[in-house]
Amino acid sequence: MKRNVLLILCFGAAAAILGTVYTFKWDTEVQWLKDLHEVKSEALAKNESNRILLVGGSSVLFGLDPSQIEASTGRPTINLGLHAGVGGLVLLAYAEVSAAKGDTLILSIEQGPLQNMEWTSFARQFTAVIHQPRLLEGGLGKPRRMTVIDRVEYYLTLAQPGLNELVGKLSELVLGSEHAFPYAFLAVDDRGYATERVTSGNIEGLDDLPSSLGKGWLEALRTHARLMAERDITVMYALPWINVAEEAKERTFLQTARFLEDVNQVLPVLPTKNCGLHTSPDLFSDTALHLTLVATRARSEELGTALAEGTFLPPGSLDGRDCG
Amino acid sequence: MNFEDVRFWVLLFTFGGVALATRALIVRVAPNKASAYDVIALALVSLSLFYLAAGRSFWVFLGELAFTYLMLTVIARSSSEVVRWTAVIAGVALPLAVLIFYKYWNFLLAGATGMRVEHQSSLIPPGVAFYTFEMVATVVDAFRTAQAQPRFIDYLNYASFFPQLVAGPIERRPDLLPQVQRFRFTLSWAKLYAGLPLIVLGLFYKLVLADNIAPLIRTDPTQNAYVIWDATYLFGLRIYFDFAGYSLIAVGLGKSLGVQLHHNFLAPYSARNIRDFWRRWHITLGRWFRDYVYLPLGGSRSGLLLFNLLATFALSGLWHGAGFNFLLWGVVHGCLMLAYVGYVKWKPRRDPPTSPTAYLSWALTCLLVTFSWLFFYETETSVLFEKLQTLFSISGYTWPRLVDAFSRYLNQPLGALPVLSMSLTVLLLENRGRIHENPYFSLTNPRITCLLFALVVLFSPGVESPFIYFRF
Numbered sequence: 001m002k003r004n005v006l007l008i009l010c011f012g013a014a015a016a017i018l019g020t021v022y023t024f025k026w027d028t029e030v031q032w033l034k035d036l037h038e039v040k041s042e043a044l045a046k047n048e049s050n051r052i053l054l055v056g057g058s059s060v061l062f063g064l065d066p067s068q069i070e071a072s073t074g075r076p077t078i079n080l081g082l083h084a085g086v087g088g089l090v091l092l093a094y095a096e097v098s099a100a101k102g103d104t105l106i107l108s109i110e111q112g113p114l115q116n117m118e119w120t121s122f123a124r125q126f127t128a129v130i131h132q133p134r135l136l137e138g139g140l141g142k143p144r145r146m147t148v149i150d151r152v153e154y155y156l157t158l159a160q161p162g163l164n165e166l167v168g169k170l171s172e173l174v175l176g177s178e179h180a181f182p183y184a185f186l187a188v189d190d191r192g193y194a195t196e197r198v199t200s201g202n203i204e205g206l207d208d209l210p211s212s213l214g215k216g217w218l219e220a221l222r223t224h225a226r227l228m229a230e231r232d233i234t235v236m237y238a239l240p241w242i243n244v245a246e247e248a249k250e251r252t253f254l255q256t257a258r259f260l261e262d263v264n265q266v267l268p269v270l271p272t273k274n275c276g277l278h279t280s281p282d283l284f285s286d287t288a289l290h291l292t293l294v295a296t297r298a299r300s301e302e303l304g305t306a307l308a309e310g311t312f313l314p315p316g317s318l319d320g321r322d323c324g
Numbered sequence: 001m002n003f004e005d006v007r008f009w010v011l012l013f014t015f016g017g018v019a020l021a022t023r024a025l026i027v028r029v030a031p032n033k034a035s036a037y038d039v040i041a042l043a044l045v046s047l048s049l050f051y052l053a054a055g056r057s058f059w060v061f062l063g064e065l066a067f068t069y070l071m072l073t074v075i076a077r078s079s080s081e082v083v084r085w086t087a088v089i090a091g092v093a094l095p096l097a098v099l100i101f102y103k104y105w106n107f108l109l110a111g112a113t114g115m116r117v118e119h120q121s122s123l124i125p126p127g128v129a130f131y132t133f134e135m136v137a138t139v140v141d142a143f144r145t146a147q148a149q150p151r152f153i154d155y156l157n158y159a160s161f162f163p164q165l166v167a168g169p170i171e172r173r174p175d176l177l178p179q180v181q182r183f184r185f186t187l188s189w190a191k192l193y194a195g196l197p198l199i200v201l202g203l204f205y206k207l208v209l210a211d212n213i214a215p216l217i218r219t220d221p222t223q224n225a226y227v228i229w230d231a232t233y234l235f236g237l238r239i240y241f242d243f244a245g246y247s248l249i250a251v252g253l254g255k256s257l258g259v260q261l262h263h264n265f266l267a268p269y270s271a272r273n274i275r276d277f278w279r280r281w282h283i284t285l286g287r288w289f290r291d292y293v294y295l296p297l298g299g300s301r302s303g304l305l306l307f308n309l310l311a312t313f314a315l316s317g318l319w320h321g322a323g324f325n326f327l328l329w330g331v332v333h334g335c336l337m338l339a340y341v342g343y344v345k346w347k348p349r350r351d352p353p354t355s356p357t358a359y360l361s362w363a364l365t366c367l368l369v370t371f372s373w374l375f376f377y378e379t380e381t382s383v384l385f386e387k388l389q390t391l392f393s394i395s396g397y398t399w400p401r402l403v404d405a406f407s408r409y410l411n412q413p414l415g416a417l418p419v420l421s422m423s424l425t426v427l428l429l430e431n432r433g434r435i436h437e438n439p440y441f442s443l444t445n446p447r448i449t450c451l452l453f454a455l456v457v458l459f460s461p462g463v464e465s466p467f468i469y470f471r472f
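Heads up: the protein sequence lines correspond to chains A and B, in order. Residue numbers for the first sequence follow the numbering used here, beginning at 1 and rising by one. Residue numbers for the second sequence follow the numbering used here, beginning at 1 and rising by one.
Source of the hints: derived by calculation from the structure; they are not laboratory data. Please read these numbers as outputs of a predicted model, since none were measured by experiment. Cβ atoms here follow ideal geometry from the backbone N, Cα and C, with glycine treated the same way. Where hints are given, some of them may not hold.
Per the computed footprint, the stretches of chain B lying under chain A, defined by three or more beta-carbons under 8 Å from a beta-carbon of chain A, are [as the list claims (entries may be wrong)]:
(1) 4-16
(2) 193-203
(3) 440-453
So these bits of chain B aren't anywhere near chain A, every CB distance computed over 10 Å [stated by the list, open to error]:
(4) Leu25
(5) Ala36
(6) Arg56
(7) Pro174
(8) Arg182
(9) Trp189
(10) Ala190
(11) Asn212
(12) Lys347
(13) Phe385
(14) Phe406
(15) Val457
(16) Phe459
(17) Pro461
All chains, please: the whole structure from these sequences, using the hints.
Shown next, in the form of structure tokens:
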């Protein structure tokens, strides 16, 4: 009996070790994000000051061209877009650790990651692989601190690559088929911007969007703004472009306007036409948040012009009825 | 107590470790106090875990527990029938009133007036539907049969035993109370060996099977009957592995502590008829409704079989949720049971288990149970009826619709295949285990347990997905 119990526990431990090694070395999504991080880190190292840093999830990675913004503003611009799946806390912290004195942070984090402060497995695995677990706490302000139980869960998550990942890797190796995660094969330029797109004919416009920041986020952004100001770093928020359903455009417009009003309580915001909402799926490549190359140029031009002209709305300007 | 939450296991090991260490000390210093310590330590561990899960609603549970104990005391000590009747009515009414208030208030209020008042979710006691039934059963049984009054600490341990408090199995006093009365807070290799394979199997069911099936289920409104069948079939698998997984972990934890809890599931998808299904699915709930609703109504002997069966199943459906869809789900099963009773009367002789008719019976049972899950998961009544209309119209079954429904499986054959293959293998092994009257016979073999534990670690999707039955 003792032998069998110990054997079972040993198998679990062995699987955990294998799983951890797999996550660190071969997990497709995690390695993709790690590679992106390395490109962005190199770009940050090459351009050390007076930069414009574009922060957000994949709506930034696949939606803002830094070279265009640089052409408009004359300032080195780097795309720090990652993946919304890492959550708002990691995206915020990533912005903080990347910025230096004199930089301008453009937070274009999608509404979703700003709804809660939950940690995803993906976030834990990514921060572990780049050896920065502190990112989980959301930056210097630590909106959410890690407890002892959080640390246990953190390490356990590293051991769990998941069935889909392992099956995808197996089909890659055995059948030679492309891994189910399509973004892994897209080109990224030396400023961290994805220059290729996955295309899909089936984009469904969203019909419901959050109309406020999630619990704790107002305070988190307020602390973030204060700490960045102390470091002489300017922070602004810019709405992402989103594909919405035609029949829901009025509702989603109001929701987004109210969301932006919430953000504008603590951060200056860059004006965005029609709150960044578009009903035409032709502007989007494979999801309601990923822009085509043409739409990316348009959005980057809009943002670049606003930055060059210094057109922004100071905190407290919005009334929840439009986006400036 | 959320078994898929790391927090639960860390707290369990911490509290359990402290309790065991303290016991070791007490055995050395004051061995005659050890048995008293055991029951107190169990109570502290159970209540601490529940308090951390329940928050402020912990006090609601404690209040109900104290009140029902008081009623048990009155029933046991009073010789006046009026007083005893009053106590049993109060002992049943209060827990049910709390349950109705937390669970059905909005449903009743909205139905009567169209108004809706939301409860603060932090005030709803976790597992209220489960522990309420346990308390009610205890009070009724105390009234029906002369029973010695238990000590408060023993009743507290019985009602709050942490492996089964939040989502069952719903235990009965004769089974669980004697065990907690003689509980010893000790660990042994024998106990761990008895419990660990079930815990691992439960984690496998929940984290590997249920959680990997969940993203495959498409419940959006559709005119495609194949998509509806696909979703309903997958939901049936998901809810089974989710709830059976929880129950297995509860039973395994109990065994690790030397307490035998009832299995809640015994290979339900190998059932050959609907009556067999309900002897294998959520067994402790089924027995509760049989003993405290169906039989008191008269059962099959009162000449009101139709009413009694339908009422029992309707209430059973409502127990799962405050919604018309749950009520309909219960009624559907009631109708299926009535149809089966009628069939048995017409054809009393049973076919051999390996006959073609037996296989046909099994297939039909699976089909009807799968169909019934549509009522369970589709909470929007209008969408439910639209989907029913689609299922019963020929236009929902065209060839292009078939291709559309299953194209995702063809485009990514390895996407769903592993989890569905594992699910099928598990169900076949459960069916094979019927021969040993233990569906988990093969699945709790030590070597299989080693493999399953490795798969739990490697294959868990890592997304937070609470146990479905926590909603109830």
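Among all the numbered hints in the text so far, which are the ones the structure does not match? 9, 10, 11, 15, 16, 17
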